[in-house]
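**Student:** In order, the protein sequences belong to chains A and B.
If you want my numbering, it's the position in the first sequence, counting the first as 1, plus 1.
If you want my numbering, it's the position in the second sequence, counting the first as 1, plus 579.
Simulated from the structure, these hints should not be mistaken for lab results.
Be aware that one or more of the hints could be misleading.
In silico BS3-like pairs for lysine-lysine, Cα to Cα no more than 25 Å straight-line [said to hold, decoys possible]:
1) B:Lys640 - A:Lys141
2) B:Lys605 - B:Lys628
3) B:Lys591 - A:Lys6
4) A:Lys50 - A:Lys6
5) A:Lys85 - B:Lys815
6) B:Lys865 - B:Lys760
7) A:Lys6 - A:Lys17
8) B:Lys868 - A:Lys141
9) B:Lys640 - B:Lys609
10) A:Lys36 - A:Lys6
11) B:Lys739 - B:Lys760
12) B:Lys636 - B:Lys925
13) B:Lys737 - B:Lys910
14) A:Lys85 - B:Lys609
15) B:Lys868 - B:Lys603
16) B:Lys737 - A:Lys77
17) A:Lys12 - A:Lys135
18) B:Lys628 - B:Lys617
19) B:Lys925 - A:Lys141
20) B:Lys609 - B:Lys815
21) B:Lys642 - B:Lys737
22) B:Lys815 - A:Lys77
23) B:Lys737 - A:Lys85
24) A:Lys26 - A:Lys136
25) A:Lys141 - A:Lys17
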Amino acid sequence: MQKIKTVKILKFYPEKCNGCLECEKACSQIHFKTKEGGDKSAIRILKNKDGYQMNVCDQRGLCLDMCPVGALTRRKNGIVWLDKNICIGCQACVGFCPIGAMRKSDARIEPFKCISCGSCVRACPENALELVDKKINEVKEVVYHNLGV
Amino acid sequence: MVKGQVPIEEYKTGNTKHAWDGKKIKAAHKILAEYTFKNDGITHGYANKTLYINLSKAMIKEKPVTPDMKKKFTGGRGFGLKLLWDSIQPTTRWNSEENELIITTGPLCGTTQYAGSGKSLCLTISPSTDIICDSNVGGFFGPYLKFAGFDAVEIQGKSKEDVVIVIDGESQKITIETAPKEETNSHLLNEQLTHMYASDDSDTSRQKVSVVSAGKGAEHSYWGCLNFSFYDIRRKVPRMKQAGRGGLGTVLRDKKIKAIVTKVDRFDGVSNNPADPVSLAEVGTKLHKEIRDLDRYQCNMRAVGTSHLVEIMDEYDLLPTENYRFGSFPKASRIYSPRFYDLFTKVIPDGCWHGCTMACAKTVDGFTVMTGPYKGEKVTVDGPEYETIGCGANMSLWDPLWILEFNFYCDTYGLDTISTGTAIAFYMEMYEYGILNKERCGGLELCFGNAQAALEFMHRIAQGDDNEFIQIASKGVRRVKDWLIKKGWGDPNLINDVGMESKGLEYSEYVTKESLAMQGGYGLTLKGPQHDEAWLIFMDMVNNAIPTFADKAEALHYFPMWRTWFGLNGLCKLPWNDVEPANNAETDEPAKVPGHVQNYVEYQNAVTGWNVDKQELILQSERCYNWQRAMNVWLGRGCRTDDWIPYRSMGPVTEMEYLSRSERYDKQLVEQLNFSKKEVQAMDTKTKIKIIYDHRQNQYQKLADAVYYRRGWTPNGVPTPQKMKQLGFNDATMLSMLQKKIDQDEKNGLNVWGGTYADDEKPPTDEPRYWENW
């Protein structure tokens, strides 16, 4: 654990976004081999009153301690990774993610999440997305019941 | 203490490590029987077959599950009742050749998306009660049994030597193997077998094995529980959950079964093959989110499990202390949940089945054992849960570490903590009165608070000590009552009033003196005094929401039926009302948690593909509930006299009890029994106790009248053939047996109401043989 110091997470520049959702389409291509985007994309671009906002995993890893079978691990590159061959589809991580970034599509029982692969960054015509390095200690979060009764 | 996000392989418990030569142990096995089967997979929650094993004949076969069986018995405990009915006789007792040990699953069992979905239901004829005992237990065995291909396993007959039964879903083979070299006590045996039968030397493989065992204590007492293992990949130990009540482990060891092992090669989130996995995941995730947001403000189960109840029960005078004499105690804060929270391991998924985010199965890791054969070793203690801590209070043990010690040895010896604790508390009270003493207790100083003596008692049970007291005391409160009375050592009334058992089973850990409905919740039950049928104390005593007999009877109809439903489906009751939707208090019937009832309707429909509503859920239970009562009648029990409860659970037996709460009882004499304050002041305590005694005994009989009527039974508590037919049963043997019993009761004058009614009161009906018109 100590060996891993940084992790790449997505940074969003809302002022550049035009809402074309090319990022979602690229993401669903990675996860489900389809250009549908939407529920099959780990990154979501949502319209709000001022423009657009992004919702995606920030690799805080709160879910790591939720997984009963060890399907969720922090990989060497710091990414929180869901191994769908180990996953038993319990949705505990989906239910407990405080920002709703662990996603479930109707297509299969195992959830999926952002793996910082960068395909959305490459797909964005407006350069509104960027992968940036963050110190894990700054993003890390553990389940609440550690905080006391 | 661990701060979280520790990689699984780096997690350490500090437990004592064991080095066994698994190959050598396994090499000593001799295969007595072998059977190859084909796993046909699961269709909408059902494997559609059950497994039958006869140990005397070394026979293994499969039985089909018919659509009719599903319709009438749903699954789980219902299937267990059906299998028992087909296999035993009215004369069958716990140690009879034909008695069975049955472990069933249920159609929703093994689902991972909805919290609390991994329960197994175990049934047998109990050594404590001579009637059917059913016990609901977590751990991986049930789900794995089903994923291996069976909705249930029933084991009949007895082996001549110690065996393990292996249900291997990977090679699709079942074997009965002799097991001469394994340990017997569960914390060691489960670890040995988990390592021996895992496909390879990895935690992932070990997690796909589950073991059922009991220990040395189960062999020598009537309190044997079954330990169901679930391998924890972080702690790297097979943890255990207990099918505690009624002596199931005693039956396991009587059959010379050391353990039952089941394993699967793989399973995933849809192994239960739900009809509608999308809706299932939606309803499951909805509950996960509720638990995430609300648990910490409601029951705090994720942090401390059921131990949060200790402080609540103490506050409301419901925590059994010194054999239920009192409901609270000045020292009780020493065993409140924060004391256990300090000891529990944190930041680990603690569900006893995958996906249970209620996660109440807490453990203390690296606990140093203080007495007995494992003294000095460091072990993982599963628990303690509320009931076990309540046993501590009952024995007047106010040190969390001694409660852990008691918990650890109960588990590994295969002793039910509830029965053991409640019984020891009774022996301690007898000791205080001099009815028992050091000599009569085989040298044990069993006085309240003597943890060492309590543990020594358990060690001597496990050793099979032949001292008269150890022999009888390990068979439970009822046998000891009879023994003490026979010896003429004490007042029989006192002994009968304070020994907390009904039907031969020891009480679980709630004081029911001020809640008549809950007295019924313990007494008017199928298997004995266990709160899994109803927990009505707050509804009744605190909120006064069910004031009349008819109200109480309605609650004692609805809640037992509702809670039975969990057992038919392989579910845990806790996620129903130990977390409640945020708007629950604003609903019509908050006690029923309507939002969650609706979840269960959707859940059952999503798995099975049925289209049921909430009334149908109750009907599913009503069928099995009545069937079980009818089977109890068939076994010669299941009548009003069998629903007797000891007076300690109704009111103050001794002067000390009365005086400790005299303000309350004096007030009741005035408000409920219409004495003037002056009259009450003039009475001595004995007189007041007697008046309250007579009143409360009569109240209980009136309650039984109302409940029997509501449930569709005769005034003697017998389910009627008319009711059974209404529920869809047409089994001629059952119907004619019930009719015969009712006719006999009629002849013996037993079909009459039990309560004595004042002029302005009425029994449930004046109509004789009212059930014939239904």
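**Student:** In ascending order, which of the hints set out earlier in this document are inconsistent with the structure?
**Tutor:** Numbers 1, 2, 4, 6, 7, 10, 12, 13, 14, 15, 16, 20, 23, 24, 25, in rising order.
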